[in-house]
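Q: Which chain is which? The protein sequence lines are D and Y, in order. The C-terminal residue of the first sequence carries number 177 in our numbering, and the numbering is unbroken. The C-terminal residue of the second sequence carries number 177 in our numbering, and the numbering is unbroken.
Quick caveat, the hints were computed from the structure, so don't treat them as lab data. Do not take every clue at face value.
It does not matter which identical chain is meant; a pair holds if it fits inside one copy or across any two.
[To be verified] The calculated BS3-like cross-link candidates involving lysine-lysine, where the alpha carbons are at most 25 Å apart (straight line), are:
(1) K156 x K107
(2) K46 x K58
(3) K103 x K156
(4) K99 x K156
On a predicted model such as this, the values are computed, not experimentally measured, just so you know.
What follows is each chain in one-letter form.
There are 2 protein chains.
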Amino acid sequence: MFARQGFYQSTVSQIAREAGVADGTIYLYFKNKDDILVQFFNFRAKQVFASFRQEVDKSGNSTDKLRSLVRRHLEEFQRDGDMAVVYQALTYQNIDLIKDQIKEVSKMYLDIVGEILEKGQEEGTMRKDLYISLAKRFILGAVDSAINNWLRAGRKYDLASMTEPLIDLFIRGIGNR
Amino acid sequence: MFARQGFYQSTVSQIAREAGVADGTIYLYFKNKDDILVQFFNFRAKQVFASFRQEVDKSGNSTDKLRSLVRRHLEEFQRDGDMAVVYQALTYQNIDLIKDQIKEVSKMYLDIVGEILEKGQEEGTMRKDLYISLAKRFILGAVDSAINNWLRAGRKYDLASMTEPLIDLFIRGIGNR
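Input sequences plus hints: build the corresponding full structure.
A: Structure follows, in structure tokens:
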């Protein structure tokens, strides 16, 4: 898939050529070039989120649910490294065009994590004094950062293998008790 | 200070005008426009890091050192929100021009955090079974993400007030013991 810069440098004609269709065909489906980016983003986000939700629903307790979510997240971005590049670039550049989509996708993710944390508090496995709205952002931020480190290191190691170490840091923290 | 896009859209003449000097003067100090960005980045990074190091050195135990580092980090970015925008954009876009500088700055930060964690292990306040190279990236990622959330929320709340909640999540984690 296109990295953002490449996408912005290419013309609709080039995109049509890559897709193996006529220029006019592109305009049957998309208003303009920006619309291609927005619609692609929405399409992939929905796909990926359906898979996140499925993983979480079939896991048992809250720790397992968090582990399944993080693992599937890392697996999906590892499988589609170009999506990871596009997502990170869009998220951290705060582009007006796609701001609302990014906000919506983040909200979906934060909602899932929030549900898991509340369930954990009910079960007694998560701290009752957690400030959920901060803790869920903390978790998303740490996972995003693990993906970004992997991208910057040239995608050279198994990203999904970071699941257990991350879950361990989330749950137990770095402090010795 | 310039946000990246504005910087790239402006000419050397415009930069000279903003700085109140003649175009030729700019070329006495900088090879070209990109060189201005790189040199500015290096200059600010050195300033900010000297202040990080000072804060950490004057704090007592490892938990206090970590708290001082995170607080100063959040304070510096809050004080200079445009620097925060430039830093986040540069870091997450993986621009070749400034890749080495970003790597060097991250390494300086990770080195400080690594030292603090090792000291904590010696003191017995941090877990002995921590995988330091992961834990330090985890901490930088979580702080970066707190800064990014603040930027995206329109810089509307006191960023430095996130220090204690972040330190609490780092040290104690989300799990109930």
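Q: Take the hints in turn and mark each one as holding or not.
A: Do the hints match the structure? See the list:
1. In this assembly of identical chains, the alpha carbons of K156 and K107 lie at most 25 Å apart only when taken from different copies (19 Å versus 30 Å within one copy).
2. Taking identical chains as interchangeable, the C-alpha atoms of K46 and K58 lie at most 25 Å apart only when both belong to the same chain, with a minimum of 19 Å there against 49 Å between chains.
3. With identical chains, the CA atoms of K103 and K156 are at most 25 Å apart between copies only, with a shortest distance of 17 Å across copies and 30 Å within one.
4. Proximity of K99 to K156 under the C-alpha cut-off of 25 Å is restricted to the inter-copy arrangement: shortest distance 17 Å between copies versus 30 Å within a copy.
Checked against the numbered hints above, the structure breaks none of them.
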